[in-house]
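Taking the hints into account, I'd like the entire structure generated from these sequences.
Just so you know, the sequences run in chain order W and P.
Using my numbering, the letters of the first sequence map in sequence onto residues 1184 to 1398.
Using my numbering, the letters of the second sequence map in sequence onto residues 2 to 316.
Any given hint might turn out to be false.
[Said to hold, decoys possible] Listed below are the simulated DSS-like cross-link pairs for lysine-lysine, each with C-alpha atoms no more than 25 Å apart in a straight line: (1) LYS1257(W) with LYS1372(W); (2) LYS289(P) with LYS256(P); (3) LYS183(P) with LYS1257(W); (4) LYS183(P) with LYS1393(W); (5) LYS110(P) with LYS81(P); (6) LYS1257(W) with LYS1393(W).
[To be verified] Short derived list, chain W residues pointing at chain P, Cβ under 7 Å: (7) SER1240; (8) GLN1247; (9) ALA1248; (10) SER1252; (11) ASP1265; (12) ASP1266; (13) ILE1297; (14) PRO1385; (15) SER1387.
It is worth saying that the hints were derived from the structure and are not from the lab.
Here the structure is a predicted model, which is why all the values come from computation and not from measurement.
Here a beta-carbon is modelled for each residue, glycine too, at the ideal position from N, C-alpha and C.
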Amino acid sequence: MSTEALQLVRPTGSRYETFALLLITALLISAQMWYVSTLGRQTSEEEIYAWQVSSFSSFEGADQAIYNSLFTVKDEIPYIYDDVNMFNEPGEKFHWPNLQDFQDYLLPPFYHDISWEQNGSVGWLLYEPVAEGEMQGYSMYLGTNGMLENQGSFLLTIGHVHAGFSNNNSLDIWWHPQRSIDMPESGFKDTLVRQGWQLVVPYSGDKEVKRIFGE
Amino acid sequence: MRGITRVRITRVIRFSALAMTLLSGLLTQTAHAETLKIGITLHPYYSFVSNIVGDRAEVIPLISAESNPHGYVPRANDMKRILDMDVLVVNGIGHDSWAFEILEAAGAKDELPLIYANDGVSLIPIAGDPSGAKVVNPHTFISTVAAIQQIYGIARQLADLDPENADFYRNNSRTYALELRKLRSEFDSMITGVNLSNFRCATMHSGYDYIMQELGLNVSAVIEPRHGVEPTARQMADTIDRINASNVNVLFAEKYFASALSNTIREATGVQMYSISHISSGPYTDEKFVDEMLENLTTLATAIRDVANLYATTQ
Chain W
1184 MSTEALQLVR PTGSRYETFA LLLITALLIS AQMWYVSTLG RQTSEEEIYA WQVSSFSSFE
1244 GADQAIYNSL FTVKDEIPYI YDDVNMFNEP GEKFHWPNLQ DFQDYLLPPF YHDISWEQNG
1304 SVGWLLYEPV AEGEMQGYSM YLGTNGMLEN QGSFLLTIGH VHAGFSNNNS LDIWWHPQRS
1364 IDMPESGFKD TLVRQGWQLV VPYSGDKEVK RIFGE
Chain P
2 MRGITRVRIT RVIRFSALAM TLLSGLLTQT AHAETLKIGI TLHPYYSFVS NIVGDRAEVI
62 PLISAESNPH GYVPRANDMK RILDMDVLVV NGIGHDSWAF EILEAAGAKD ELPLIYANDG
122 VSLIPIAGDP SGAKVVNPHT FISTVAAIQQ IYGIARQLAD LDPENADFYR NNSRTYALEL
182 RKLRSEFDSM ITGVNLSNFR CATMHSGYDY IMQELGLNVS AVIEPRHGVE PTARQMADTI
242 DRINASNVNV LFAEKYFASA LSNTIREATG VQMYSISHIS SGPYTDEKFV DEMLENLTTL
302 ATAIRDVANL YATTQ
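Below you can see the structure in the form of structure tokens.
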């Protein structure tokens, strides 16, 4: 048997090949990291203004639950309004549902059940527009004095087109970081923002559909 | 003369009867032709839509009742079925991505109107994500609040397609929404007076976040990092640490899709295990959603009572 059979042969460009391989690997990893950190994000919330707050990214737990219930109330309240005014006498003033009406409809977040307790036992107040004065044009439901730590206050404002204070019968949900707060002076956006209220913006399904499928 | 008149009257009657029969057949056919055929992708949407439209429209499941919507692979029959629909109700943000493959394959992508059930739903992130990332939770149908948001949204969009029945759809959606809220009252009556302060839970996946949150029950940990994705050994060890550190005493696993992982967690932490329905299997029925949600709420109430009793006897 020959002892000269084993000979190690190195390619002339081995050093460059190793360097090129490392470089390509580094480039691929960087490209992947860039993709994951930018294009590969799973959520893409729209940008919001300083006077707004996102229910999706800024809230959690009880405040998120209360907001989502109020978000459903936006659909329900016009129907209940019709119900409670159905048998009004001629000339009788139409009124927005009071807090007892909400108990009858089992409507969260107003309805007093164990879930209401678990979510901080928030106290609700209704302010209806008066015949004259600054409050005219806005009905407001204030939720405040929650029992949980770091809990905020909520305000549901309902603008009335007939009073000329709003462009439409808009229902907006506002949030204030203070757990205990008084009924605001008015439902005007500027007033509320000045007092530290923030308009809550949901991340709704239509936005997510646009993110997934494009415009 | 009298005989001729009798013959004429008989002919008129026969002709009228024939005309009535033809007209009645035509009217039935027209009414049938105008009946909306509404496709749905997931079990809860069958119940939602059936309760909204009653007998004034036809509800057609896109896939068979036995199929598992998780990771479903489209079949030839699905394409045939989708072409027979006037509109399709989809979740659109998860769980039924196969519906879009079927639409594409059937060439109906730009033809068939779609109702995205979650269009007007305020979404929440999945709970207990160890990385803290805010990832959209698509399980909006395992809830009452988000379910009601969807029911109103679907009813509104169906009313646009079928204006003649708009009031009927709206009234039905209100009645159904009240029925769902009554479920929460039933849950309430099951745990009245029970001490909830020691209740700490973990869930196998993020499917129950919406219902847990609306009931004010905090989820301390979620085992699967993403729905259907098993955790790595490292993630599993971290989760077990988190469960022990948070004094979690209950683990909710999936009723329909058993996982060996849940047993591992139970053995490692000593938590009590309960099963919750994902409402994604079995026959399509009008009552399915209410029935299975009531079952889920009963399971939650049992778990809460068991924890309360456990602490009452150990103190």
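Taking the hints in turn, this is what the structure says about them:
1. LYS1257(W) with LYS1372(W): holds (18 Å)
2. LYS289(P) with LYS256(P): Holds, because 15 Å separates the two Cα atoms, which is no more than 25 Å.
3. LYS183(P) with LYS1257(W): holds (19 Å)
4. LYS183(P) with LYS1393(W): Not satisfied, since the Cα-Cα distance of roughly 34 Å exceeds 25 Å.
5. LYS110(P) with LYS81(P): Within the cut-off at roughly 14 Å; holds.
6. LYS1257(W) with LYS1393(W): Cα-Cα ~23 Å, so holds.
7. SER1240: holds (5 Å)
8. GLN1247: holds (6 Å)
9. ALA1248: holds (5 Å)
10. SER1252: holds (6 Å)
11. ASP1265: violated (11 Å)
12. ASP1266: violated (9 Å)
13. ILE1297: Nearest chain P Cβ about 5 Å off; hint holds.
14. PRO1385: holds (4 Å)
15. SER1387: holds (6 Å)
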